[in-house]
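Chemist: Taken in order, these protein sequences are the chains called A and B. Taking the numbering used here, the leading residue of the first sequence gets 1, the next gets one more, and so forth. Taking the numbering used here, the leading residue of the second sequence gets 1001, the next gets one more, and so forth.
Don't read these hints as lab results, they were simulated from the structure. Treat the hints with care, as some may be off.
Stated by the list, open to error - List time: in silico DSBU-like cross-link candidates among lysine-lysine, alpha-carbon distance up to 30 Å: (1) Lys367/A with Lys480/A; (2) Lys1028/B with Lys405/A; (3) Lys332/A with Lys367/A; (4) Lys405/A with Lys1021/B.
As the list claims (entries may be wrong) - Computed from the model, here is a short list of chain A residues facing chain B with C-beta under 10 Å: (5) Lys199; (6) Asn411; (7) Leu413; (8) Leu425; (9) Thr434.
What the hints assert, rightly or not - Each pair of labels, with its calculated beta carbon distance range: (10) Glu389/A with Glu1038/B: 42 to 52 Å; (11) Lys1028/B with Gly409/A: 30 to 40 Å; (12) Gly1195/B with Asp335/A: 38 to 48 Å; (13) Leu459/A with Glu1193/B: 26 to 36 Å; (14) Gly1058/B with Arg203/A: 39 to 49 Å; (15) Pro89/A with Glu1038/B: 51 to 61 Å; (16) Arg1054/B with Trp426/A: 15 to 25 Å; (17) Arg1211/B with Gly410/A: 52 to 62 Å; (18) Gly1195/B with Ile391/A: 40 to 50 Å; (19) Ala1188/B with Gly295/A: 49 to 59 Å; (20) Pro89/A with Arg1059/B: 26 to 36 Å; (21) Glu72/A with Arg1059/B: 52 to 62 Å.
Note that beta-carbon positions come from the ideal geometry of N, C-alpha and C, so glycine has one too.
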Amino acid sequence: MKKQPIKPIKPKLRLEFLSKEDILRIHEAALKVMQETGVRFPSSKALDIFEANGCEVNRETQVVKIPPSVVERALKTAPSTYTLAARDPANDLPLDGEHCYLSTDGCGVEVYDFETGEKRLSTKQDIYDSARVADYLDAIAFYWGPMVSAQDVDASVRPLHELQAAFMGTSKHVQPETIISEEIAEYCVEMAAMIVGGKDKLRERPIFSVMQCAMDPLGHDGGALEASLVAARYGIPTGFMPMPMSCATAPATLAGNLVVTTVDALSALVLIQLAEPGAPVFFAAAPTAIDLRTGGYTGGGPEDYLLGGAFNQICDFYGIPLSMGTMATGAKLPDWQAAVDNVMSTMAPVLTCTDMLTGAGLLAGSKVLSYQQLVMDCEIYSIVKKTVEGIEVNDETLAVSVIQKVGPGGNYLAERHTLNHMRGLWRPTVVDRTPYMEWEEAGRPGAFEKATEIARDILANHQPEPLEEGLVEEMDRLIKSAQKELENKGV
Amino acid sequence: MAKDSLFELIQQTVLEGEVEKAAELARKGLDEGLDPLEIINKGFVPAMDEAGARFSDGRFFLPELVAAAEAMKEAMGLLEPLLGKGGAARESLGRVVIGTVEGDIHDIGKSIVASLLTANGFEVRDLGVDVPVGKFVEEAKSFQADIVGLSALLTTTMPKQREVLEALQKLDATKGVKVMVGGAPVTARWAEEIGADGYAEDAVSAVLEARKLVGA
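Based on the sequences and whatever the hints tell you, model everything.
Modeler: Printed below as a string of structure tokens:
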């Protein structure tokens, strides 16, 4: 068992979901909404920043009207490329607009027990274990979430336990979506600084980044905003993820959904740039539509695929990286529906070269962790990767000389050209291609059984690069004193 | 060149699927006065065993296995006619007549099987494609075949496999010949239904099945 380097996708195939004119119209619509209707920022700190930068602020409703000139100024200071650093520099991820990186899915609350298939509540140990599996899988470029919530630890310092378990489990970049207060953000920065050797080093090598949920439509969460302002101050990349659902928190029409998505993702980036000009920021989004019967989150469907492909074109127009919600099927089991959802929702944003794809391994609409699904999602990623890398045409690949050598009716099996190039063909890990009888004799194993074997092997054997000696204990002490301080503050 | 290093080079060459170079090395061995049987047994046979092992544990893909087999076949074409002259003949696992049945022109599957059988120590007479029933019987008789391999890629030509089988049974000289069937639409059930002795789904299992049929 040997860990391989991260395999990003460098797509050659591209698809336009929106024309240039479409993008401009969505941009103009978003500017109009930000200026005329405004966005709710329930944080006095955020409101102060907007006011100081010439925006119309209503303290009572906490709504800020942001003029286009302010948006444009903010966009100018936002870097369009930067690197998500990792505990192990070999796992650094340059967000260069040319590569797509897959992460785990996150924020689940239950785990399918590996052996029994029973569902149970998630714990801190599950974060460590899932981070270890993500650390091993070469399709996974960074650990997002955490994959599940550490429900066995004190809620006030849960995000700290989660970040600790993630850092212990993987030497890849970590991107939590659970840092939702100033205090916790400070502690997280402190914890990461311990690993890299100080806060200045952390600014150079941000081994974690912060994603927040937006409060669609046209709003944000106060704690999340203030936590991100703290993170940005230390050079930690920040992004806000709207998840507008057509018919509920966004218009029924997909163009209208994109306007809400744009406003909610962009307005927070404007705040960060006004506060910390030049701070690394990213767009994030998981726009979708409700299920028309239940009103619930769908976790898949053609609307998701279209929105997933389209929104990156808007982010490219702004020149800022995007993390798009992909996979995260609504299927309860790793079944046909899961495969359809996760293939399509990965393919669409990859076809517009979306920087970050979030993410693999959860079922039931990002609620339940399944290690088998995680392994199978990585296979989906590898199929998509091979497909979008396209077809190379040159003298060597045209292979005219070998075609002429073999001639009519011959075969290419034993040709040198075949031996030289066959390893460029995609090969399955869990997809079943065995002959029928062999399959039957083996007890009819499908992708699920193969994925089970692989996951079992990783869980039993893979040890991540350990943290420096004494660091875990130092983190423990930090969490303990944080808990005490928060108690005293009455948080 | 020392004998052992020549054998080592032969093994490496076969494993790399260098068809022309393998034959060249066989010729070189002969020029240096080596016994053709020794060249086969110490150079080519271990190479093929290694190729098989690598295929089994997943290090080799089919084209590599076939390329190794082709390299071996090329050299054997040179070495085998010389065997027997010095008294010793190469040990054969058995004789196989193989072909695609009448009305069917699919070649590749059958050719891979033929190639791997040869490389694994069977003597193979490949009759090609679109082979009439009578031709299989005739060749099985004259070649004193232990096994007749029948390939069919169409449901419409599969019944020819039964016809060949029945024709072989009618003749005393070919009555005891084992019959193996294969091809994409062919199933274990079909093989059983027509009374075939062996069936395999892919070329590598076909070699195992053939070995089983000759008790090797």
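Chemist: For every hint, state whether the structure bears it out.
Modeler: Evaluation of the provided hints:
1. Lys367/A with Lys480/A: Holds, at roughly 29 Å.
2. Lys1028/B with Lys405/A: holds (26 Å)
3. Lys332/A with Lys367/A: holds (9 Å)
4. Lys405/A with Lys1021/B: Holds - the C-alpha atoms of lysine 1021/B and lysine 405/A are around 17 Å apart, at most 30 Å.
5. Lys199: violated (48 Å)
6. Asn411: With a minimum Cβ separation of about 5 Å from chain B (threshold 10 Å), the hint on asparagine 411/A holds.
7. Leu413: Holds, about 4 Å.
8. Leu425: holds (9 Å)
9. Thr434: The hint holds - threonine 434/A has a Cβ within 10 Å of chain B, the shortest such distance being about 9 Å.
10. Glu389/A with Glu1038/B: 42 to 52 Å: At roughly 49 Å between Cβ atoms, glutamate 1038/B and glutamate 389/A fall inside 42 to 52 Å, so the hint holds.
11. Lys1028/B with Gly409/A: 30 to 40 Å: Given about 33 Å between the Cβ atoms, the range holds.
12. Gly1195/B with Asp335/A: 38 to 48 Å: holds (41 Å)
13. Leu459/A with Glu1193/B: 26 to 36 Å: Since the Cβ atoms of leucine 459/A and glutamate 1193/B sit about 46 Å apart, the hinted range of 26 to 36 Å is violated.
14. Gly1058/B with Arg203/A: 39 to 49 Å: holds (46 Å)
15. Pro89/A with Glu1038/B: 51 to 61 Å: holds (55 Å)
16. Arg1054/B with Trp426/A: 15 to 25 Å: holds (21 Å)
17. Arg1211/B with Gly410/A: 52 to 62 Å: Once the Cβ atoms are compared, 28 Å apart, the range 52 to 62 Å for glycine 410/A and arginine 1211/B is violated.
18. Gly1195/B with Ile391/A: 40 to 50 Å: holds (48 Å)
19. Ala1188/B with Gly295/A: 49 to 59 Å: holds (52 Å)
20. Pro89/A with Arg1059/B: 26 to 36 Å: holds (32 Å)
21. Glu72/A with Arg1059/B: 52 to 62 Å: Since glutamate 72/A and arginine 1059/B have Cβ atoms about 58 Å apart, the given range 52 to 62 Å holds.
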